[in-house]
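Chains as they are written, first to last, in the working numbering: chain A, 159 to 741; chain B, 159 to 741.
Incorrect hints may appear among the rest.
The list cannot tell twin chains apart, which means a pair is met if one copy fits it or any two copies do.
To be verified - With a straight-line Cα cutoff of 20 angstroms, these simulated SDA-like cross-link-like pairs (lysine to any residue) come out:
| no. | residue 1 | residue 2 |
| --- | --- | --- |
| 1 | Lys494 | Asp332 |
| 2 | Lys615 | Phe628 |
| 3 | Lys384 | Leu185 |
| 4 | Lys339 | Val381 |
| 5 | Lys384 | Arg497 |
| 6 | Lys306 | Phe394 |
| 7 | Lys494 | Val381 |
Calculated directly from the structure, the hints in this document are not laboratory data.
2 protein chains.
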Amino acid sequence: MSLDYTPPLDDITAVLEQFGLPGIAALADFAHVDAETIPDVLAEAGRFFAETVAPLNVVGDRVGSAHDPETHTVTTPPGFKEAYAQYVEAGWGAVTSSPEYGGGGFPFLVGVVFEEIMSTANLSFGMCPLLSQGATRLLEAHASDDLKAVYMPRMISGEWTGTMCLTEPDAGSDLGVIRTKAEPQADGSYRLSGTKIFITFGEHDLTDQIVHLVLARTPDAPVGTKGISCFVVPKFLVEADGTLGARNDVACLSIEHKMGTNASPTCVLSFGEEGAGATGWLVGELNAGMVAMFTMMNHARIGVAAEGLALAERAWQQARAYAAERLQGRASGTPKGERAPIVEHPDVRRMLLTMESEIQAMRRLIYATAASIDLAEHADDAETRREHEERAALLTPLAKAWSTDTGFEVTSLGVQIHGGMGYVEETGAAQHLRDARIAMIYEGTNGIQAMDLVGRKLGMRGGGVVADHFARIRSDLTAVGDGPLAASRDALAAALAAAEEATAYLAGVTSVDDALAGATPYLHLLSMLTAGHLMLQSAVLAAGTDREAGQQRTTRFFCEQLVPTGTALVPSITAGADALAFV
Amino acid sequence: MSLDYTPPLDDITAVLEQFGLPGIAALADFAHVDAETIPDVLAEAGRFFAETVAPLNVVGDRVGSAHDPETHTVTTPPGFKEAYAQYVEAGWGAVTSSPEYGGGGFPFLVGVVFEEIMSTANLSFGMCPLLSQGATRLLEAHASDDLKAVYMPRMISGEWTGTMCLTEPDAGSDLGVIRTKAEPQADGSYRLSGTKIFITFGEHDLTDQIVHLVLARTPDAPVGTKGISCFVVPKFLVEADGTLGARNDVACLSIEHKMGTNASPTCVLSFGEEGAGATGWLVGELNAGMVAMFTMMNHARIGVAAEGLALAERAWQQARAYAAERLQGRASGTPKGERAPIVEHPDVRRMLLTMESEIQAMRRLIYATAASIDLAEHADDAETRREHEERAALLTPLAKAWSTDTGFEVTSLGVQIHGGMGYVEETGAAQHLRDARIAMIYEGTNGIQAMDLVGRKLGMRGGGVVADHFARIRSDLTAVGDGPLAASRDALAAALAAAEEATAYLAGVTSVDDALAGATPYLHLLSMLTAGHLMLQSAVLAAGTDREAGQQRTTRFFCEQLVPTGTALVPSITAGADALAFV
């Protein structure tokens with residue numbers, strides 16, 4: 159049994175190359191970045207998280223964060239505060255943030271590697287920086303210069319952390335009905351009152367200051383999502399000289415007892431618990447809170463996608479080590495009495511290879527999306543920016559939903575490889591499964607991702623975006639000859655034909671419900687086709703290198719053995735809503 | 159949110175009819191059973207478990223069973239002891255046991271309904287009777303009359319409980335290497351010494367006496383499984399007058415901290431911890447311990463299959479209630495501001511219908527196997543007995559592995575329907591997922607089931623057993639006309655063709671590893687084909703009744719939308735072991 163984590167820098171490096179990191183880093187917007195340092199930065203980050211943060215994963219689960227109802231404080235598990243201080247000290251919080259406020263300004267494609275590594279080391283720990291970065295990104299895009307000057311440098315450094323306060327007891331997927339109120343004050347500030355739930359690291363002892371970004375309604379705001387504004391509400395008011403002043407009126411009433419991610423406190427926050435309300439300041443335009451949220455949504459969804467990948471990677475590393483050590487039964491063809499490590503059994507190999515190939519497929523889908531987000535924001539020409547903005551919009555729901563669904567399944571295979579020991583918490587395999595389950599739910603449930611895909615993304619440019627996507631895949635398939643990748647090519651061609659048939663059906667339905675009824679299986683088909691295509695691309699690129707045989711093995715397994723189950727979803731996609739109706 | 163459990167007697171009754179309970183109950187061996195009382199017995203059992211045992215499911219998870227390392231005792235959660243006493247008092251433990259020793263002597267098909275209901279109410283609670291019944295079954299088949307007279311009446315009544323002590327730290331799936339020793343004594347007894355792990359209810363406070371059935375080796379026994387004998391080792395020696403005498407030398411050293419089933423103590427038992435060994439008596443022939451184990455294996459595996467079904471049913475009942483209550487978003491076509499319960503959203507309906515149709519499919523597969531087990535043991539003519547013995551042998555690994563894999567997936571859908579609340583333990587949805595995960599592992603991991611199917615079951619009667627199975631399916635498909643079930647028929651015909659292709663491949667491989675490499679996907683294909691066939695049969699039988707529309711809905715969803723993903727596994731089954739080899 160091994161709880162160690164080794165950052166998979168070989169595969170990561172190959173994938174960064176595949177998705178054009180050198181070209182991205184060479185863009186004018188990244189002129190400040192020395193591209194040659196990137197491998198060293200990643201290797202150093204890998205070391206830090208493997209050595210300092212990964213060992214806290216188990217204690218984080220067993221001890222968890224604790225809430226004191228008297229003082230409304232939250233204590234993180236032993237070692238977290240020290241590790242977080244080292245994280246800030248080393249400057250890891252600033253990797254992708256704006257250089258204008260002290261950030262490293264690296265491409266998001268590098269940031270997503272960073273998020274993968276951090277979440278693999280310790281998902282609960284990583285959730286705090288991930289939320290902070292989302293909050294920072296939102297402030298940078300929408301806040302006034304005055305607000306930015308106060309908050310951004312110390313949020314980028316990690317000295318202060320940030321939260322996203324969206325959900326309320328009655329408003330989860332449906333933010334249009336949130337009730338938290340913001341009353342304008344004579345000095346330009348607002349007084350907020352209301353209750354927010356599911357606030358990740360909404361209270362903790364890692365830092366003194368916590369900066370809440372809160373969705374709320376001003377009096378007489380329009381109903382629905384068009385009447386929601388975004389406010390910044392610090393835990394402590396900030397004095398003119400930058401020091402922390404009075405405690406703001408926001409209190410953590412409780413934290414949730416969850417299935418996993420026990421070290422990450424999931425808080426119920428009350429704004430205005432003590433009196434007239436918590437003091438906050440408007441971020442961006444009045445009633446444009448949802449627009450502000452959308453700024454960070456693609457990045458945040460890719461961050462959660464990386465969490466699915468991360469826990470799969472961690473589960474796989476542990477299962478692989480266990481399978482190589484655990485003796486049970488004998489391999490076929492060997493004499494009686496000679497016991498074999500279970501990795502010799504074909505069924506165990508099938509589980510391990512399923513894990514490995516799905517991990518690679520997830521990594522490619524996620525990194526490809528991150529590369530498109532970079533190009534959408536930073537490419538030199540408008541046409542490339544538009545093209546990649548479309549592509550990122552199309553791929554984001556696939557990356558988020560498929561990677562978190564698949565990541566959960568991979569952690570379950572990790573438990574299975576451990577046999578009875580997998581069910582015993584001491585082994586650690588079960589924690590990965592319990593931790594992984596949340597990623598299918600938060601940052602937009604996977605059902606919401608499927609609705610986003612079918613309801614918004616398919617219709618982009620009159621269906622031209624998805625058509626272009628299919629054309630690129632077809633073109634690449636055509637270029638693959640009758641060598642060892644022919645069967646993969648053919649399996650993908652069948653998936654492509656299925657995807658085109660399903661897309662034509664969805665484009666032609668007259669009832670929205672008929673499209674929504676097929677949304678989830680459609681997302682899975684498109685994800686497997688897209689990830690399979692990227693796996694094929696990897697195998698083509700690896701030809702002639704020392705990675706060729708290994709990459710062929712995972713690519714062929716994924717395309718030939720797993721993709722057909724996606725292709726088989728067409729009847730499910732095209733059955734319509736009546737098949738789901740109650741009788 | 160609802161934690162209530164309602165036994166699904168409507169579907170159960172229909173399935174019992176479908177698999178011929180009236181005919182089974184009319185067999186000579188069941189002459190003592192008044193078949194007309196069966197519905198009342200099941201309804202009464204349903205009431206008892208729903209009212210008395212189901213409410214303890216949550217406290218069982220939160221408090222769990224606790225071990226005292228000083229006294230080596232285990233305390234079950236509050237309420238368990240009282241509920242167990244009521245269970246014994248009502249005589250529920252005796253339903254399927256031999257009337258010769260005070261049992262009800264009902265068919266196993268009735269027993270499996272009982273097991274489903276008990277596990278749905280409270281899996282952890284039900285594991286104690288389930289293990290006891292397995293131990294009793296083994297004693298009845300193999301023990302001497304003297305041993306039977308001492309143990310069976312009080313084990314059948316539930317006054318004493320039983321355990322199965324197989325696994326050791328080094329011997330899990332591979333029982334051939336167990337090391338526990340049994341030294342013969344002059345008085346005909348044996349002294350046992352060794353350590354057994356993963357012993358369910360190996361120690362507890364529900365009853366005074368616990369009867370352990372222990373696999374061990376006598377001195378000079380042959381190596382491997384042919385040198386294993388079975389012994390009965392009571393916690394307290396039994397005096398000639400039937401009273402409990404001296405404490406035997408068996409101690410519970412610890413219990414496992416697990417991902418779920420927290421109320422069920424999973425014990426490390428040390429035999430001979432204090433001195434010369436625990437006193438035990440041989441059950442059956444020397445070195446025939448594995449044969450004895452196989453007596454109860456089919457029944458036990460069907461019992462575990464029913465656990466997969468049971469937790470799926472519990473998760474579904476809870477999710478269905480939540481989806482009907484939880485308002486979020488609006489249904490398409492309704493005015494702004496009108497909120498809908500989430501059951502109105504097609505994607506939620508897809509999840510609910512996936513759960514419902516898979517539950518029905520599991521129930522049919524499991525009950526069909528149980529009916530064959532009854533007919534194999536009790537049919538009047540030898541030919542029917544042989545036919546059903548073969549069928550039960552073929553279906554048992556499908557029922558065990560597919561129902562537990564699918565049951566786990568269904569509990570995960572139950573979590574998903576609850577959204578963020580599903581991840582919070584207070585809701586209860588997560589407990590079903592955590593509890594369900596073990597069933598894929600114990601009683602032979604699902605990988606072992608697949609190896610059993612491919613390695614032992616396919617070759618029965620030179621492949622004739624599986625060929626007969628396919629022929630029965632084909633014959634039923636041919637009888638379905640071009641009405642509403644035509645698409646289901648066609649989807650099953652495609653699955654049948656795929657299964658025949660895959661079977662021919664497996665029969666033709668020259669390397670065992672090539673067959674084992676495809677074992678798990680083959681098991682899934684065969685399970686979905688078989689369960690789909692039984693769902694189709696249900697729909698045909700429901701024609702003209704008030705169950706027709708409902709049964710068509712679930713049958714069609716299962717056959718048309720889910721079965722094709724099983725059909726798509728052929729490339730995975732036929733890829734061979736080289737595709738899984740390391741490079």
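Quiz item: Which of the listed hints are not met by the structure?
Solution: Result: hint 3 breaks, nothing else.
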